[in-house]
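Undergrad: Using the sequences plus the hints, can you model the full thing?
Line order of the protein sequences matches chains A and B. Here the numbering used here is used: the first residue of the first sequence is 1, the next is one more, and so on. Here the numbering used here is used: the first residue of the second sequence is 1001, the next is one more, and so on.
Please keep in mind that the hints were generated in silico from the structure rather than gathered at the bench. Hints may be right or wrong, so weigh each one.
When the alpha-carbon atoms are kept at most 16 Å apart in a straight line, the in silico EDC-like pairs for lysine to aspartate or glutamate are as follows [said to hold, decoys possible]: (1) A:K216 <-> B:E1502; (2) A:K227 <-> B:D1175; (3) B:K1354 <-> A:D52; (4) A:K524 <-> A:D544; (5) B:K1653 <-> A:E580; (6) A:K434 <-> B:E1285; (7) A:K216 <-> B:D1175; (8) A:K475 <-> B:E1278; (9) A:K434 <-> B:E1299.
Bear in mind that the values here come from a model prediction, so they are computed numbers and not experimental data.
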Amino acid sequence: MRSLYLIKPYLQENRYLIFLGIICLIAVDFLQLFIPRIIKWAVDDLTAYQADTLKLFTYALYIVGIAVMIGMLRYLWRRFLIGTSRRVEEGLRNRLFAHIQTLSASYFDNVQTGDLMAHATNDIQHVRMATGMGMVALTDAIVLGTASIGFMAYINVKLTLFVLIPAPMIALGARFFSKKMHRLYGEVQASFSDITEAVRERFAGIRIIKAYNKQKEAASRLESISKDYIGKNLSLVKITGSFFPMMLLFSNLSLAIVLFLGGRQTITLTITPGDFVAFISYLGLLTWPMMAIGWVTNLIQRGKASLNRIDKIMQTHPDIDDFPAARSINNLKGSVMFDNVSFSYPSDSSESGKKFVLSDINFQLDHGNILGIVGPPGSGKTTLLSLIPRIFDTSQGRILIGGIDIRDIQVRHLRSQIAFVSQEPFLFADTIWKNITFANRKIHDTELTRATEEACVYDTVQSFPDAFETIVGEKGVILSGGQKQRVALARALIHNPAILILDDPISQVDMETGSSIINTIRSKANRSTIIIVSHRLSAVRFADQIIALAKGRIVESGTHDELMANDEYYAKTFRLQEIEEQYAH
Amino acid sequence: MRTDFGYFEEKQLGKPYDVKLLKRLLPFTTPYKRLLVYSILLVVVITLLDLSLPYVTKIAIDRHIVPQQVSATHIDTDSTEGKIRYLKADITNPEVKALIYKYPGRFNIYESFATISFEDLHKLDKKDLSILRQDDLKGVTFITAIFLSLILINFVFNFVQVMIMEYSGQMIMHDLRVRIFTHIQSLSIEFFTHNPVGRLVTRVANDTQNMHELFTSVIVFVFKDLFLLVGISLVLISINWQLALVSFLVLPLVIFASIRFAGRAREAFRDLRIKIAEINTRFSETIGGITIIQLFLQEKANYNSFKNLNHEHYLAGMRQIHVFAIFMPVIELLGAVAIAVVIFYGGGSVLAEKISLGALVAFISYMRMFFRPIRDIAEKYNILQNAMASAERIFLVLDSKEMLTKPLSPITSDDNKRGQTLDTISDISLKDISFAYVKNEIVLKGVSFSVKAGETLAIVGPTGSGKTSIINLIMRFYEPTSGQIFLNDINLEKIDPPVFREKMALVTQDPFLFSETIRYNITLGNSNIPEGALNQILIDANCKGLIDQLPDGLDTVLSEGGASISSGERQLISIARAFARNPDLIILDEATSYIDSATEYKIQKALANLMAKRTSIVVAHRLSTARKADRIIVLNRGQIIEAGTHEELMDQKGFYFRLNQLQS
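TA: Here it is, written out as structure tokens:
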């Protein structure tokens, strides 16, 4: 098992605890085996009328004494062994989380959040169960199994051999059934996915269903899929439902053998009545290990499969990482140059040739200048911005900042000098303060005030009863779209980065606030280089340079006046927006 | 079972389970009452069988293996001194008789029987011993046969019971699932806008799944365990009530420990669940905001706060382990104490000849059985807690009543009151409609217009001017904030939505296709369309060529989201779907996405066929589409600023005119 390395450090770290735990567990098993011995002595004495009150009392005391010891040792192994499995769980989850954080955006485009969540919860849980209960049950089964057999053999070898006849049947049965179960379990899961997908699709297409009055059909479709799922489940249950009763049957079969052969041997005085009773007790102890074997294999196999799934994530390397020759550069000059850049999404692996989202992008932006980017939806504006902080890497060509290829700069250093405001403002379910400063205590309150004032959100925040301590809820649910956008803007403005990148920063705020924000942004020029994408052309008209994209290519480039004179996309859109303004009442 | 969607939200966490919830679940079991009763009856039988096994062993011991025959000469029962166990032999059997005379002096001979002390049996030859005890040997064989048949019957009954239970459990789940689905489906579109689809899917698929174990294992096992406990108690009392009562002395301790445990375990489970929910939230938030985290270099800080959270989860886990590590051994210890009591007190009783040795052995076996269900309670408790959390979420959905206000006396299509009929749509008019999705964010303001039968109305206007919202209101996906919509002069609110939606066909911007066959996507499960008519539909919708190219034709299954065909082809299929309906009113939201000109031409022709001789309202993104319309309304920022024919609007030299100039 290659993926075992994932949990090895945690097992190693707790090796003494594990060792102690297993010692306790084995001690418990042996102590448990003593109780039937004591019962045997008592029964034998009683058969021969050789017991008196004192003797019986001693036996009772033995049992209680052993039970107390068992109890204490049990507490210890539970803490040691199950506790270790919790430790493994914690460590593994930390590791997975840390790793997921390093993966690049392209990875998350291809993976569903639900799947990752399943790894973080279900799979880790399976691993925990396999290491905790699996370890315990395995030790238990082996120790208790061999010891009970040993004790039984000590009483009578022949009888023991006979009693063990059903044992191979149990082992074979467990194997046979678990194989079948595995296959059927897969079918049940596939059928369950069908349900999930059918429901998801019908809820996603709810408008069509309602518009075409197809509620009944949708429900009956779900019903038939759900019925199919039931069918699959029932055929699985035919196996599982007969498995445990069958295991019970086999172990009862052993009991019948004891009753028949052991009974005869007792009658013919080959063994004592006490032996006979002890045999039955040992058999009781043996039932559990025999049944456990099937369960343990299942548990461990499941844990193994889960560990392998987690390993698959851990083996994914981030697409964006430092190149070996990357340097740490702290004072980047903010000039930005795109040199023949083309880009297609790594996830786009269609046979018919990759679709380029950006092609042959060339521009040169001097330090302290402002670049405006416009273009219809889907023309590649957001993609272009995401190449600068290396959310994605270019497919062809290169990007230079301060004259240095960005792939020669360590990612941390590159990003530390860029402030980015994304199109969809993402807020964390935390306080406004934390969302803006990321809990950086070094940021002074005056800085916070300045940044929020510049983003035109200071007064809004102050109007909340908890001001900056207001918790914004999941994805900032308590704020309006415009408020979220302005908080995200403040987050970027609190730093004084070399490069400020804004993706449609005023799309959700009203006219006046919008122009106030634009004025702030303009005042940032000279100190920072600014790249701004906007659908509202008034936000880019003052830029030193404006480029218009269409289908991933630069189709126009120049200043506002030049582009107006050009009378193409930019000029037309600008006039259209002017008309809209004019007709707004 | 996978519960990958279970992370969505756990607002209601921490509430202890509610008897009310169980009560609300009860009606779902009603259709399967009979099966459940059978199942419980079987459980009773199985329990009885389980209980009978040690008893059979007891009989074997007492009757045959160690027969009860104590010499009558010893009356002093309090002392074990000199007490001897004797075996009784039947002299009437000639074989036995011969044997008895073979060992003179060993046997005490009476009229019809002889006795021999157990001590002396050792001195007998093995062969002679089996002759002497042939009846006992036969008896053991007989009892083993009974034992074997009991365990076989037990096996069969167990299997049948599991199948019945699983079947009814699955059916209950099925009913619950369909019920939630139909309920969610009946809610207004507004409900869907503020509840992510993922969350709703979780309710239908995963939460019902979580309840499954509640029905299959918990219910039956509660019965089984209870029966087992009661049954064992009864058997013990019937064997020897004094010994039973003495061994029950530990019971108050067991009850006390269980109650304390239940409380502590609930807390521990709750802590764990809250922590795991927080971990899940953090995970999904991190995945959602990964770009922001990476761009602002927050990986380390975020990792540290996750680590703390994860460690809290670990500590909660350790608390749970502690609770269980105390409870389980304590129950085991009490079980051992009970056995010790049985040995001490019961052993005394055997000596005093109040009970037999077999009874004592049976007592010990039963005592062991007694403590098993008590330990199981912990596990069942966990399942119950999980199921209750899901039940709570399910009922939260079932309780949401975000539906359109139902008309008191809905008007059906063949209603002829006041001459208003809905047989065919002859007129649709909006009167002073205002609308906001979110309070105070007005999307439409004072919109009024009307469309007569056979007319084509185009709505034009910039992005965000409220064009699609008008469609949403006409389909009655949403209700206007103020103003009314009339269909043939009947207020839309007074008509049951299916009645008027039946006469409309909606063609959306982004055609939504199901992962089913093309046939299903066109007919939407309506099998009444004859093949010939379907063929005509395909021709009219310009789909014929496309479908004939596919290897399976109409029965080609589209993959998820209909990705295996191009977006233009998907539009053609969605137009065919509108045809299949043969509607009075076409509502078309023109696609904006780029489509190659050949397909675009096909779509335009198909749409022209569809709209011919029908009333249609078109949200036009291309002015060329608007030009073909009978009338045009121009929308800007939620208000109608111009209305009229293309020529009239061009003459006005206003907004529409200028738009045309820009695009020419």
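Undergrad: Next step is simple, just say for each hint if it's right about the structure.
TA: To see whether the hints hold, each was checked on the structure:
1. A:K216 <-> B:E1502: holds (13 Å)
2. A:K227 <-> B:D1175: The given pair, whose Cα atoms are some 10 Å apart, holds under the 16 Å limit.
3. B:K1354 <-> A:D52: holds (15 Å)
4. A:K524 <-> A:D544: holds (13 Å)
5. B:K1653 <-> A:E580: holds (15 Å)
6. A:K434 <-> B:E1285: holds (15 Å)
7. A:K216 <-> B:D1175: Holds: A:K216 and B:D1175 sit about 15 Å apart, inside 16 Å.
8. A:K475 <-> B:E1278: Judged against 16 Å, a Cα distance of about 15 Å means the pair holds.
9. A:K434 <-> B:E1299: holds (15 Å)
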